[in-house]
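Protein chains in written order, with the numbering used here: chain S, 1 to 401; chain R, 1 to 100.
All the pointers check out, no bait thrown in.
List time: in silico DMTMM-like cross-link candidates among lysine to aspartate or glutamate, alpha-carbon distance up to 25 Å:
no. : chain 1 : residue 1 : chain 2 : residue 2
1   : R       : 73        : S       : 215
2   : R       : 13        : S       : 215
3   : S       : 343       : S       : 267
4   : R       : 21        : S       : 215
5   : S       : 400       : S       : 375
6   : R       : 13        : R       : 68
7   : R       : 21        : S       : 214
8   : S       : 318       : S       : 262
9   : R       : 21        : S       : 200
10  : R       : 13        : S       : 197
11  : R       : 73        : S       : 214
12  : S       : 381       : S       : 288
13  : R       : 13        : S       : 200
14  : S       : 191       : R       : 4
15  : S       : 318       : S       : 240
16  : R       : 13        : S       : 226
17  : R       : 21        : S       : 226
No lab work stands behind these hints: they were computed from the structure.
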Amino acid sequence: MQMIESGNVAAALGVKLSRAQVIAAYPITPQTPLTEKLSEFIEAGDMSAEYIPVESEHSALAVCIASSSAGARSFTATSANGLLYMHEQIHWASGARLPIVMCVVNRGVGAPWTVWNDHQDSMSQRDTGWIQIYANDHQQIIDAVIKAYALAEEVMIPVMVCYDGYLLSHTYMPFDIPDVSLADSFLPPYKPAYCLDPGEPANLNTVTLPDVRDDINGNRAHGYFEIRHLLQQDMIASMDALERIDSRFKTVFGRGGNPFIESYRTDDAEFIAVGIGSLSYHLRDVVDNLRDEGISVGGMSIQLYRPFPYSAVAEALKGCRGIIVFEKALSYGYQGPVCSDIKSALYQHGRQNSHRPFVLNYILGLGGREIVTKDLYDALKLSCTTGPDAPDELRWIGLKI
Amino acid sequence: MGNDYRSRTSHSKSGPGDAGKTGSWRILRPVIDPGVCIPAKRGAPACYMCWLYCPDGVISRSIPPTIDYEYCKGCGICAEECPTKAITMVEESSFIKEDK
Chain S
1 MQMIESGNVA AALGVKLSRA QVIAAYPITP QTPLTEKLSE FIEAGDMSAE
51 YIPVESEHSA LAVCIASSSA GARSFTATSA NGLLYMHEQI HWASGARLPI
101 VMCVVNRGVG APWTVWNDHQ DSMSQRDTGW IQIYANDHQQ IIDAVIKAYA
151 LAEEVMIPVM VCYDGYLLSH TYMPFDIPDV SLADSFLPPY KPAYCLDPGE
201 PANLNTVTLP DVRDDINGNR AHGYFEIRHL LQQDMIASMD ALERIDSRFK
251 TVFGRGGNPF IESYRTDDAE FIAVGIGSLS YHLRDVVDNL RDEGISVGGM
301 SIQLYRPFPY SAVAEALKGC RGIIVFEKAL SYGYQGPVCS DIKSALYQHG
351 RQNSHRPFVL NYILGLGGRE IVTKDLYDAL KLSCTTGPDA PDELRWIGLK
401 I
Chain R
1 MGNDYRSRTS HSKSGPGDAG KTGSWRILRP VIDPGVCIPA KRGAPACYMC
51 WLYCPDGVIS RSIPPTIDYE YCKGCGICAE ECPTKAITMV EESSFIKEDK
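Produce the entire structure from the sequences given, and follow the hints as far as they go.
Shown next as structure tokens:
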């Protein structure tokens, strides 16, 4: 069924279709309408779930960690400083291998205080052991939530579904709501590999020592090092799992097919502009304008940021002359995180092929600074006409200083 | 992958040795003087404050009470709580010398 609604409602409908059993969240702009909608569904009896009100985001995720440990499909959502307040529990959820799904409605982080969109909040959680998926529009939000549960439960790793605050969360756009029975067949009820059982008490995530040890039955138990090694192995393996799940989703619903990256007019492109989220669709307009002028340029979005789809990224970018990365996040003291990761993916490829495209990095839109199409056009056009000798330095768009 | 849940997390059953042989952490060893300890002295079940307070459950409610040094971490709470001061915390190094 087609619907015109906000991105937050698209996310809420995805959670409803996923039949999440426990929801614990604390309201924060711009995530608030998402959790309000879920509480409305539950109050109206349209959704069979426990909504557990909490006093903070730290508690919200702690509740989800507990409910997921008890075998319930669990959901939370937050933004910006709320996400940062969860930080300790974010690491805990992935270390405990709990298939929680969390929507991160992207917003800049303070100080100074801001409520507007950029990607600094979720990018700062890159190294927590969660899978991160970014949606470019409302359809991708609702679809990603459902796929996220399938993925999380298969690989036992929690998933963040990230989408732009206001630009997607509060704008209205048409999208298709997956059919309930098809969604049920795509995502059957959660059957945990293990869950708390009062009949068989156990200690979960107990202290590990620097070395392996024998458990009380005399069996060799993994230490911290082994457990973290397996998290890395499973993160890498989750790319194959996502590819399979995305392909199955496409078979059932007719959408998908680009679980790692989405390319636009890149087949013969000499230059490729890279962005994440709604910005990547904004860049498509600019690509079209430049194509009209005969400039061979394409666009690409990163759909999966962790695990980083390094092979797909290197494969997509290997043939071009230049890559221009537009980012709404920054690793202060160096460069945009996506730019660093793209360079890293290309390094191995370039070694083998004695060709590395040049990579330029633009920072824009921090704290919701307006991203003007004309500015994107000027920046991209200049980048395409600049040679590989351009200095490797950050370029800022829309800076008034 | 699901069957390997336990290898992917730190997961254990409650029981002795849940966190390994924690007695190796001990620097001070609690030693009970049966001449001062209430149940030992009276030959009757009584007091057992050490058993009650031990956070690791390594002291038995027996006559006399015994301490499982395999898992006692040497925290000293039993010595602190003993109303008759029957428990002394002794340097572990002194026992190493005895062994030699």
